[in-house]
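So the protein sequences, as listed, match chains G and Z.
Taking the working numbering, the leading residue of the first sequence gets 608, the next gets one more, and so forth.
Taking the working numbering, the leading residue of the second sequence gets 89, the next gets one more, and so forth.
Warning: the hint list may mix true and false statements.
Stated by the list, open to error - Straight line, CA to CA, 16 Å or less: simulated EDC-like cross-link-like pairs of lysine to aspartate or glutamate: (1) Lys665/G - Asp169/Z; (2) Lys823/G - Asp250/Z; (3) Lys816/G - Glu866/G; (4) Lys249/Z - Glu159/Z; (5) Lys981/G - Asp825/G; (6) Lys188/Z - Asp250/Z; (7) Lys700/G - Glu116/Z; (8) Lys937/G - Glu154/Z; (9) Lys188/Z - Glu159/Z; (10) Lys249/Z - Asp169/Z; (11) Lys653/G - Glu643/G; (12) Lys700/G - Asp114/Z; (13) Lys188/Z - Glu108/Z; (14) Lys797/G - Glu751/G; (15) Lys249/Z - Glu668/G; (16) Lys847/G - Asp169/Z; (17) Lys188/Z - Glu123/Z; (18) Lys670/G - Asp958/G; (19) Lys784/G - Glu892/G; (20) Lys653/G - Glu668/G; (21) Lys823/G - Glu866/G; (22) Lys937/G - Glu699/G; (23) Lys937/G - Asp250/Z; (24) Lys188/Z - Asp114/Z; (25) Lys249/Z - Asp778/G; (26) Lys853/G - Glu751/G; (27) Lys188/Z - Asp203/Z; (28) Lys937/G - Asp958/G; (29) Lys912/G - Asp778/G; (30) Lys653/G - Glu108/Z.
Everything labelled a hint here was simulated from the structure, so no lab data went into it.
The model shown is predicted, which means the values in this text are computed figures rather than measured ones.
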Amino acid sequence: MTTVSGAPASLRQETLTVNMGPQHPSTHGVLNLVIELDGETIVSAKPTIGFLHTGIEKTAEQKKWQQVIPLVERMDYLGPHSNSLSFCLSVEKLLGLEMPDRVIWIRVLLAELQRLSSHLVWLGTHGMEIGAVSVMMYAFREREQLLNINELIAGFRMFPSYMRIGGLREDLPRGFKQTVAEFLDAFVPKLDEYEKLLTANPIWIKRTKGVGRLSKEDTLAWGLVGPMARAVGIPYDVRKTFPYLKYETFDFDVPVASEGDVYDRYLVKMAEMRQSVRICRQALERITPTGPYDCGDFRIVPPPKDRVYTEMEALIQHFLIYSQGFTVPKGEAYVPVEGPRGEHGFHIVSDGSNRPARIKLRAPSFYAVQALEKMIVGGLIADVIAVIGSTDVVMGDVDR
Amino acid sequence: MATPSIIEALNAAVPAARAEAVPSVDMETILVAPEALVDVCRFLRDDPAFQFSLLSDVIGVDRLPETPRFEITYHLACLGDAFRAPGASTSAPPRRLRLKTRVADAPEGEQPRIDSIVSVWPSANWPEREIFDLFGVAFTGHPELRPILMTDDWEGHPLRKDYPVQIRKCGHIPWEIEMPPEQFAASVAASRKQAAEAAAKPRREEETQ
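Extracted from the complex, chain G is given alone in its bound form (with noise of 0.2 Å):
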């Protein structure tokens, strides 16, 4: 006996509850989706997040402002130089200190290559869910020379702790200059290859193109900046509407989309990327061989080891920083940075003390999952993976 619908009467018709993740390898880290199923529809999502919560504000709380730099750049682990540059950005500022230009434009040019290296991540990661394996081989590929550069001027790979308060850890390295122009001149070619496989390819289409659509107004109300607001038609970049590091003085475009899908997320990034390039070229051009690596304040920034060995009063100096640090006046501090998610920076608020009384990220990661439902909700299961990719969310961002 059937209905009209076709349906056998007997037919149990209800929805299925699917649990995906913590431990699923494409929710990008540690995220729990609970999803509601109507055959392949999806009803409801309900993101958990905390698994990768670490309490590092509660840690920043008890160390010195200097040592807060290594833990935070263990925040959006993709983006190390950004968490740092921000939170410097934020101490410096309360501490009224101005960088010479040439630590401007060694911080623009190390953030720039940052966010190469996390939009490569996030190309290699979003292609390889979607079915596209050997994107994900070519995007490492270029990845490796950018982390090759962290430690040729830090010594090391992912969390290099080059940006300090007050400055720069130390001077570049011999041979720096020369290594990311032929990075540079070698990535764009790489860039045209990346595009070649995706942009027209019809799976890749089929695939994203429509997904995960979201409209100006919700964009905006739902806190998504960055990329995703970008892919929607929302020309706001923290680097041209609210400057920092002489950014009104480089030269480069803001790519803009329409439809705010998957599709148009990949293009924008893709379309940044070359961007970057354009800035780095830029800022490469305007490093001098020889200068200032940090603001000269020694009150903050420690002297020059040839002076400790040499002079007492820096041997004091450097002893005082070293043990019980410096203190930041009272008040608080918020600098935007554009990170490769979107704004991001550190609200820091100082009692007066050597320790920071609080410091909080603006995650765009934790409000890309708060969003997820919005984006996933009506659309098929299968999709899901391409969206949460596109929003290019990292766990360590969102649960800090």
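Got chain G; can you put chain Z on it based on the hints?
Relative to chain G, chain Z alone:
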């Protein structure tokens, strides 16, 4: 175009806000009364002269030992030409605003309370849950107020200043992990016997040759 003063407009539109400026090094900072928070937020979002369409972040701060104890900070941004609020004919100049409100600590057994602004900016949902979880400040009118980062049965609010730091907490294990000594001895004997049997077994022929 001259940027209109937020405080004057705010005090004219929402007198209950009692907005006052707070000195700050980076952006305009305004302290408002907690009772008028939702009206203030709605005004700042909808007024065509300001158009703070983006709630960038919500931050909780424990000011112990000062009173009122908790401070909730909202970072608002108007994106200028990048985004014009629906209904506005022109875009407002890009600017950032830090909106603060303070809430007193509640007596033992109760939670400090403040109005939720999820109805104004939906993005406030999870940050408010985070503050509820880590500071123990409850938000009236929040659609789903439950812990977000810590487990549901976690005691205390870790980001409070009086939360002890140097303590070790055992993980919660839902089943019995201790076994009686007899069972332990039997288990060890069994595994030893198994190992001895495995060792006594003749190896495969090609290996012995």
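Each hint, compared with the structure:
1. Note on Lys665/G and Asp169/Z: the hinted pairing is violated, with a Cα-Cα distance of about 38 Å set against a maximum of 16 Å.
2. Pair hint Lys823/G plus Asp250/Z does not hold up; C-alpha atoms about 42 Å apart against a cutoff of 16 Å.
3. Between the alpha carbons of Lys816/G and Glu866/G the distance comes to roughly 9 Å, so the proposed pair stays at or under 16 Å and holds.
4. With a C-alpha separation of about 13 Å, the suggested pair Lys249/Z and Glu159/Z falls inside the 16 Å cut-off, and the hint holds.
5. With a CA separation close to 9 Å, the supplied pair Lys981/G and Asp825/G stays within the 16 Å bound.
6. As the CA atoms of Lys188/Z and Asp250/Z are separated by approximately 22 Å, the hinted pair breaks the 16 Å bound.
7. Distance hint between Lys700/G and Glu116/Z is fulfilled; the C-alpha atoms sit about 14 Å from each other, no more than 16 Å.
8. Of the pairs offered as hints, the one joining Lys937/G and Glu154/Z holds, with about 14 Å between alpha carbons and a cut-off of 16 Å not exceeded.
9. Of the pairs offered as hints, the one joining Lys188/Z and Glu159/Z holds, with about 7 Å between alpha carbons and a cut-off of 16 Å not exceeded.
10. Pair hint Lys249/Z plus Asp169/Z does not hold up; C-alpha atoms about 41 Å apart against a cutoff of 16 Å.
11. Among the hinted pairs, Lys653/G with Glu643/G is consistent with the structure: their alpha-carbon atoms are about 9 Å apart, no more than 16 Å.
12. Pair hint Lys700/G plus Asp114/Z holds up; C-alpha atoms about 7 Å apart against a cutoff of 16 Å.
13. Between Lys188/Z and Glu108/Z the CA atoms are separated by roughly 10 Å; this keeps the pair inside 16 Å, and the hint holds.
14. With a C-alpha separation of about 14 Å, the suggested pairing of Lys797/G with Glu751/G holds against the 16 Å cut-off.
15. For the hint pairing Lys249/Z with Glu668/G, the CA-to-CA distance comes to about 9 Å; that is within 16 Å, so the pair holds.
16. Between the alpha carbons of Lys847/G and Asp169/Z the distance comes to roughly 11 Å, so the proposed pair stays at or under 16 Å and holds.
17. With a C-alpha separation of about 12 Å, the suggested pairing of Lys188/Z with Glu123/Z holds against the 16 Å cut-off.
18. Of the pairs offered as hints, the one joining Lys670/G and Asp958/G holds, with about 14 Å between alpha carbons and a cut-off of 16 Å not exceeded.
19. Of the supplied pair hints, the one linking Lys784/G and Glu892/G holds, its CA atoms being roughly 9 Å apart against a limit of 16 Å.
20. About 32 Å separates the Cα atoms of Lys653/G and Glu668/G, which puts this hinted pair outside 16 Å; it is violated.
21. Straight-line distance between C-alpha atoms of Lys823/G and Glu866/G comes to about 9 Å, which keeps the hinted pair within the 16 Å bound.
22. For the suggested pair Lys937/G and Glu699/G, the alpha carbons sit about 13 Å apart, so the restraint of at most 16 Å is met.
23. Annotation: proposed proximity of Lys937/G to Asp250/Z is violated, straight-line Cα distance about 20 Å (limit 16 Å).
24. A distance of roughly 15 Å separates the Cα atoms of Lys188/Z and Asp114/Z; the hinted pair therefore holds under the 16 Å criterion.
25. A threshold of 16 Å between alpha carbons decides the hint, and for Lys249/Z with Asp778/G the separation of about 39 Å lies outside it, so the pair is violated.
26. With a C-alpha separation of about 29 Å, the suggested pair Lys853/G and Glu751/G falls outside the 16 Å cut-off, and the hint is violated.
27. Distance hint between Lys188/Z and Asp203/Z is fulfilled; the C-alpha atoms sit about 13 Å from each other, no more than 16 Å.
28. With a C-alpha separation of about 5 Å, the suggested pair Lys937/G and Asp958/G falls inside the 16 Å cut-off, and the hint holds.
29. Between Lys912/G and Asp778/G the alpha-carbon distance is near 13 Å, which keeps this suggested pair within the 16 Å criterion.
30. This hinted pair does not check out: Lys653/G and Glu108/Z have alpha carbons roughly 40 Å apart, beyond 16 Å.
When held up to the earlier numbered hints, the structure conflicts with 1, 2, 6, 10, 20, 23, 25, 26 and 30 and fits the remainder.
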